[in-house]
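Trainee: Okay, here's what each chain looks like letter by letter:
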Amino acid sequence: MLAFAVRRTGQIALTLLLLLLGTFAVLRAAPGGPAPVLLGADYWSPEREAAINESLGLDRPLPVQLVLWGRAVLVGDFGYSYFHRRPAADVVAERIAPTLVLGLVAWVLSLVVGVGLGMLAAHRQGSLLDRAISACGVLALSTPTFWLGIVLIVVFAAWLNVLPSAGLVTIGNEDSLADKAWHLILPALTLAAANGATLVLYTRAATLEVLGADFVRTAHAKGLGRRIVALRHVLRNAAIPIATVAGLSLAHLLEGSLVVETVFAWPGIGHLTVSSVARRDFPVLMVIALVVGCIVVATTFLTDVVYRWLDPRLGYE
Amino acid sequence: MFRPPSLFAALLSLLLIVVACAPAAPPAAKPAEQKPAAAQPAATGQPAAKTGAAAQFVIGSLEEPGSLSPLADLPHHFPEHVPQTLMFDSLIQVLPDGAVGPKLAEKWDISPDGLTYTFTLTDKAMWWDGKPVTAEDVKFTIETALRPESRSSTEGLDTIASVDAPDARTVKIVLKRLVPMFLAQGGSRGIVPKHLLANEDMSKSEFNKKPVGSGPYKFVSWTPGQAIVMEANPTYFLGAPSIQRVVFKILPDQNVILTQLRSGELHYGLITPKDLKPVESITSIKVYDVPTLRFFDISPNYARPFFADQKVREAILFGIDRQGIVDKALLGKGAVVESNAAPTSWAYNPELPKRAYDPAKAKALLDGAGWLPGADGIRTKDGTRLSFGVMINSYDRTLEQALVVAQQNLKDVGVDLSIDRVEPGVFGSRRGKKEYDALARIWNPVYDPDQAGLIRTGNFYSYSNPEVDKLAADALATSNQAARKPIYQQLQTVLAADVARLWLYTENELHAVSANVSGMQPHPVNYFWNLRAWKVQ
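Residue numbers (the numbering used here), protein chains in the order written: chain A, 14 to 330; chain B, 7 to 543.
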């Protein structure tokens, strides 16, 4: 177990290192830089751009820039955002929590509903319920997130006026947990829809596969109740492919969805990532790469641990 | 050996842990049971708050500012500009008709040679912490903006040779050369407090996030990605504002802005022509259709062979249905321009000949210039096809629609125009390296109609005309507006005749404002220049 942990830590460190190197290289290789945005279209000139690049240290050779950045990061200095003129780490830190909260809630919602409906559909395969659930799943999967978000806003905020249209919380009401929860509903539903659909279809497929196995027939023959067979035998065995999809989707949701964050004015890192790319705000993007890298690595690790817990036969290699 | 709990129990515990840890996450089932009306004021529309101490005005913006400091002012960029102009004061203020009025400076003198400006400041202006605004603050602001380390925009200030504060109320600025627009442009920069920033690195200071100004609205809070809240400054030297709270709300999606305008959560938003139909049906919203100074055109890269011939440029202009663009892409909220000025500019020349859409004339001109249709319908000459890409910024949606119309029109006369959308960073870099056939963009001469840098020899698209160079220099040789006006009009005539650029259109600004808000006076640059006097009924 210890050897497993040590080996894993090594792999994680290497992955993150490669991720950061790759991000650095791609960002610097992209045409353009932060200067056109900082100067504004009217005030731009090649001389002014050169001056800004010099002051930001962007005119130095790439390896030098990389080493300087790496050295600074090792002492905890992630640099200053070109656009926000504040520490890049602060800019990202301010927006992590909304993304994590939204991602986690949407994930749990999609997991509970998705797995539940998927199992139900598989156990009643061929029935009207099964067909209805599968159809809904495909529909939810094909619906563009953007469209779904806007439709929910139009229906629940504009027409019915029961839910807020956008934002994290009502301005002035920042301390109210209930208010925040209220604002969380529509974005979480939107985000959970596509993810839940994937889980429904995967769970249904995985469960169907297990349902055909011999040991299930044996369990029924032994006289075990339907609920016990379904949960302790069928789900337990179908859990591994479901866990794979669930784990991957968790990482995906925690990265922040640009679409949902834009539509619902949810101040998360999804929107920050895209706007920082447009502005070539390198310090912020490197912090985001690091953070998202850690998140993905952590969820992958957790998924691996869950596998081994689900199926002790896998062991630790 | 430890026997793991059942999977169901494990999932349930995971769920409970997640719910407990996530600060704002209720169990999924609950909200459906709650009756919304009572507890949640956010769910139901908040109309512009009634009069009294709670009066609040909410402005909607698609983008968030990077910084709230005037030293980081991205010139003319709405998200930076609005909060900064509410929280900071400038030496002068530009009035809606383009005239210059006092603000921090009560009066000013300009030396006969036009190089020395002496401003006398009011003694009543105060920073929010009670200290007076003095000439030292003005000197500090200008000097800091001009230092490269602060990475400030030096627009309007880069011609300053020296600035002095001989006493607390006098600022003396000496320019390097005569600059007719210095007063309007340089004088509009927000002034920052020296006593708080003397030793700060402006590119990293907390001041960017928590500003201290002297303006009519005081900074209260900035929730990243959400809103900037400001409250009225009761001791503002020009009079306390009527509206108590101003919220600058960030809503990145235009549909949500429209939804919130409708519900009354938003009292102001900028809308595009295609939003007009849904917005006009909302009785609680009033739309102000305001002509602006900005205009769009296509700048050809004169290094390309086909653009060198004036007849070809003129033919392309005749081959584009510009009025059609105004009607279809702008839905009539704009006008065709024949040169480099919009009708609201004081320098505008109304006598320019109009080049109405005339595909027959375009074809004739091209035939005469030796460009004959090839096998695919596109004209060629000496082996070169009359085909070019027009580079535009990815955020210029309406311009893109306009170019699609132009593309169709030009195809009919045998010219192939393709649209090349690129990100702002790439746009700037390719513009600098001249890696484009043509580029299209907006020009916004807000403080002064002068655009010498864009038309005299040495400009970014390599256009060169000695007559234009002479006129451009003449127009900058005097500060007298009455003397400059005919020169600019003459410039417009020359540029129009020469088809220096492919002139397109000007667009109006459409402001959607709550009907119960009064006092708005349209302004080409500072939309909230007199917010102090607005009232919410």
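These are calculated hints, taken from the structure and not from any lab test. Quick caveat, the model's predicted, so the values are computed rather than measured. Using N, Cα and C, we set each Cβ at its ideal position, and we do this for glycine too. Where hints are given, some of them may not hold.
Claimed, not checked - Label-pair ranges, simulated between beta-carbon atoms:
no., chain 1, residue 1, chain 2, residue 2, range
1, A, Glu67, B, Leu184, 26 to 36 Å
2, B, Pro528, A, Leu154, 42 to 52 Å
3, B, Phe84, A, Ala16, 51 to 61 Å
4, A, Asp188, B, Ile425, 26 to 36 Å
5, A, Ile25, B, Glu212, 27 to 37 Å
6, A, Gly83, B, Pro118, 38 to 48 Å
7, B, Gln414, A, Gln138, 49 to 59 Å
Trainee: List in ascending order the numbers of the hints, as given earlier, that are violated by the structure.
Mentor: Those not satisfied are hints 4, 6.
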